[in-house]
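Trainee: Top to bottom, those sequences are chains A and B. Take the first sequence: its letters are residues 1 to 122, numbered as in this note's numbering. Take the second sequence: its letters are residues 1 to 821, numbered as in this note's numbering.
Derived by calculation from the structure, the hints in this document are not laboratory data. The structure displayed is predicted, hence computed values, not measured ones. Every residue, glycine too, gets a C-beta built ideally from N, C-alpha and C. There may be inaccurate statements among the hints.
What the hints assert, rightly or not - To spell it out: a stretch of chain B is covered by chain A in this simulated footprint if at least three of its residues, at any positions, have a beta carbon under 8 Å from a beta carbon of chain A; those stretches are:
#1 20-32
#2 85-92
#3 719-727
To be verified - A few chain A positions that, by computed beta-carbon distances, are all more than 12 Å from chain B:
#4 R7
#5 V8
#6 L80
#7 W85
One letter stands for each residue in the lines below.
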Amino acid sequence: MVRASLRVGLLALAFALATAAFGWWSVALLGAVWGGVAVVASRPGVTAGVAAGVGWVVLLAVTAAQGPVWDLAQRVGGVLALPGWLVPVVTVAFGVLLGGSAAELAVGARTWRGIGGGGVND
Amino acid sequence: MTRVRTIAAAVVLAALLFVGFRPVGSLPAVGRLLDPWSGVWSVATTAHLPEHAVGGIPGLRDSVLVLYDDRAVPHVFAASPEDAARAMGYVVARDRLFQLDLQARAPAGKLTELLGARALPLDREMRRLGLPQSADRAFAALDSTSEMYRTMGAYAAGVNAWIDGLGRRDLPFEYHLLGARPARWEPVNTLYLLRRMGHMLAYSADELRRERVAALVGEAAADALFPVESPIQEPVQPGAGEHPRVDSTPLPPPGEPAAPPSLVVRGPDERGRVQASNNWAVAPAKSATGYALLEGDPHLLLTLPSIWYEAHLVVPEVLDVYGVTLTGSPSIIIGFNRDVAWSFTTNTADVLDYYVEELDDSERPARYRLDGEWRPLAARVEEYLGARGEVLAADTVYSTHRGPIVWRNGRALSLRWTVLEDQGTSEALYRATTARSVDEWLRTMEAYEAPSQTAVVADRAGNIAVRALGRVPLRPGDGRGDRLFDGTTSASDWVGWWPLERQPFALNPQQGYVASANQQPIDPEDDDTYLGVNWFPPWRAMRINRLLREHDAVTPDDLRRFQTDPGSARADRFVPWFLAASRRLTQAGRDPAGLVAAAALLAEWDRRYTRENARAVLFELAIEELEDRTWDELVPPGEGDASPDARVATPMESVLYRLLYDERSAWWDVRATADVVEDRDLILGQSLAAALERATERYGDPADGGWRWERIRHANIYHLLYVRSLSALGLPVQGGPSTLSPSSGSGVWGASWRQVVELGPEVTARVIYPGGQSGNPVSPRYDDRIAKWQVGELDSALMPELPSQLPADRVLATLVLRPER
């Protein structure tokens with residue numbers, strides 16, 4: 001449990017750093033890498049999704065410490081015809097799905113190529 | 001199962017990458033938008049100015065200190081005017097980068113490159129009118145060693161220094177929505193901006209309006225409905241006669257059509273557009289403190305962020321000026337220095353003419369006829385690019401020696417317009433900020449060309465003056481410019497300019513004040529040379545003059561109160577006619593159903609447009625009904641209704657007022673009621689009764705509170721991109737049509753800046769504009785001034801001569817700008 005949490009924490013940090021350094025799309029890249037190499041983790045897709053979500057929540061929290069993120073969410077929500085509270089939810093969900101689906105895809109590709117490890121079997 | 005999950009993951013990932021990278025419909029690319037670090041969320045991090053910041057600008061000669069006071073107004077302390085201009089470019093870009101970009105692209109006809117094809121109509125209009133070409137010509141003609149040229153270059157360097165230093169997290173909100181980046185600022189953009197103001201303030205089509213009217217009701221009627229002389233005279237230039245003076249002679253009746261039916265087309269509904277700037281100055285003898293006072297409140301399209309940016313520029317012994325600049329102009333446009341204060345209104349002089357041209361080919365013209373000979377047309381191809389550089393459309397734009405050709409009702413009309421020929425305005429505005437007296441300010445502004453304005457100016461020595469500014473053409477023949485000219489002869493061309501000494505002007509008049517409010521500036525009894533047509537009714541001028549006449553010891557706070565005064569000269573003039581007509585109709589037993597009740601309600605009205613007032617709405621609807629019934633002759637045959645949209649044009653209310661003196665004018669007769677010949681009283685009575693019916697239907701019983709003015713008329717301040725969640729809408733305000741702070745029907749026009757300046761030993765000023773200094777929608781400075789503006793309050797302006805004079809507890813932030821290679 002501790003090791004799993006640590007794994008998610010480290011992966012979340014990696015997702016956060018990659019996003020800050022390269023942009024949102026790096027979450028997909030990192031998720032795919034994780035899915036391709038994570039032989040010890042169970043459900044690497046879920047792990048990657050959760051970690052990406054946590055990473056993005058951290059980035060939003062850092063931003064919130066510097067400025068009025070809630071007010072911003074209301075304004076953006078107005079533009080996108082969404083309730084303000086939904087904007088951060090959609091943002092984090094975007095990261096979760098991006099990281100998770102990329103990892104899941106990489107796991108699947110690995111399995112099909114017959115090089116799967118124990119962690120990827122149902 | 002694994003395979004299914006993998007396929008599902010692939011589909012989800014593909015979909016996320018697609019919407020992440022590509023805009024879908026009107027939505028931006030979601031990935032870049034929602035990126036939690038460098039996406040739209042990063043806008044929150046720039047909501048507050050950092051307490052201390054350092055920046056670099058190439059070309060600075062010395063460091064510049066910028067202190068932001070607690071209203072977020074930058075006080076720029078520089079060693080030279082050029083350094084001050086560099087710093088101004090930097091601080092304006094820091095607060096308003098998107099607005100700078102948008103406002104430069106708009107007159108350049110390049111909005112499509114930012115906004116896509118939806119902006120094509122706006123871009124086409126700008127380019128077909130030749131606005132960008134005209135600015136480019138003016139810039140090319142500038143002496144590259146001149147102060148103005150160097151100042152525009154310095155300002156551009158400041159803006160670009162900010163752009164160059166932008167990090168991934170510094171982009172303004174709007175660029176995230178549009179998925180775009182700011183364009184670099186070119187020095188010529190300042191001239192584009194002035195062309196845009198010219199388009200907003202001095203682009204008129206009175207000739208075409210008048211032609212549409214003449215096509216329906218004949219030349220004589222058209223002349224009377226869109227008159228050269230305002231039927232109510234309350235001139236800017238104090239004259240010898242009694243004012244206000246009303247022309248009560250009968251209007252000529254509707255006549256026979258004077259043009260082919262093809263020219264009978266609906267005109268735009270002009271009711272929503274309220275150009276309603278005011279300015280006035282009070283002489284020391286009339287002010288409570290013994291010092292000259294100056295007020296200014298230019299009314300423009302209200303936007304968030306505001307068209308204005310407030311700033312204070314200090315260059316020791318050279319420049320010490322406070323006021324508002326148009327974002328993109330290095331000069332303070334309206335404001336004050338330690339000796340002089342000034343403000344502008346638009347004077348609506350006729351500075352644009354149309355010429356009907358004869359071309360050799362209507363499809364692909366190459367030549368136009370002039371004085372019996374064919375002359376080559378100038379032609380240029382205008383390409384409109386999209387955001388990715390793709391060509392959205394292309395036009396060939398033609399010009400004659402007069403100016404660009406526009407196509408109206410199948411005819412080629414060339415236009416000549418002073419705005420397209422302006423060369424000296426930017427420099428005049430820039431130099432006037434250093435004037436030390438009214439006289440010096442006026443002499444400097446002699447170089448001002450367009451758009452035509454009326455300036456009020458006052459100085460510390462107690463002088464006050466009002467002067468019309470800008471070049472106004474003299475025409476051949478009878479001198480009038482309210483008709484289309486024959487383009488085939490050079491005898492139609494302008495023959496000169498109004499000489500400066502005959503421009504409307506007054507210096508220290510005996511009445512102890514000067515004022516202007518967009519009305520006809522000179523009483524034709526004093527000078528009947530053609531200056532313009534279809535003048536705004538002088539309702540606001542009448543109210544200002546009345547207030548200033550009634551007060552002998554005016555205080556700055558009086559001027560503040562006057563700015564949102566709820567009284568209405570228009571209501572004072574019209575209401576008695578409604579009530580008298582109702583009385584006569586009732587006595588004669590001719591009163592329409594509901595008139596007695598309506599008249600009783602109207603009689604209760606104090607003729608003030610306060611927010612809680614519950615009778616103004618009845619009057620406004622009665623005026624609408626009156627116009628619809630009276631001007632039914634201006635609805636083209638076959639149009640079903642008599643609404644403003646259906647009319648080819650609507651005469652000014654001053655013409656309607658003149659008509660009231662003619663009880664049996666043919667204009668009162670409603671064409672739809674063939675068996676009845678209506679007269680004035682019946683139309684007034686019917687209008688008032690119908691107004692009550694409409695008001696009750698729309699707003700409920702008058703006793704139920706639904707008629708309160710604040711529930712009916714609002715100010716609406718839209719974001720520059722008309723994004724509702726970034727706008728301030730439905731703001732209740734005091735004021736109605738033709739009060740000193742009028743509210744238009746749409747509420748999108750209003751007092752864009754208010755200032756009251758007292759020119760004592762120390763200049764003191766109170767100011768406000770609706771909005772805030774920051775263009776960042778989540779900044780506390782985005783719209784922090786609106787609440788005060790709504791209720792007519794002003795903020796005290798701080799004007800430290802030295803940085804040390806700004807109290808430490810009022811310093812919001814500090815910026816040090818250093819030379820950078």
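Trainee: Please flag the earlier hints that this structure goes against, numbers listed from lowest up.
Mentor: 2 and 6
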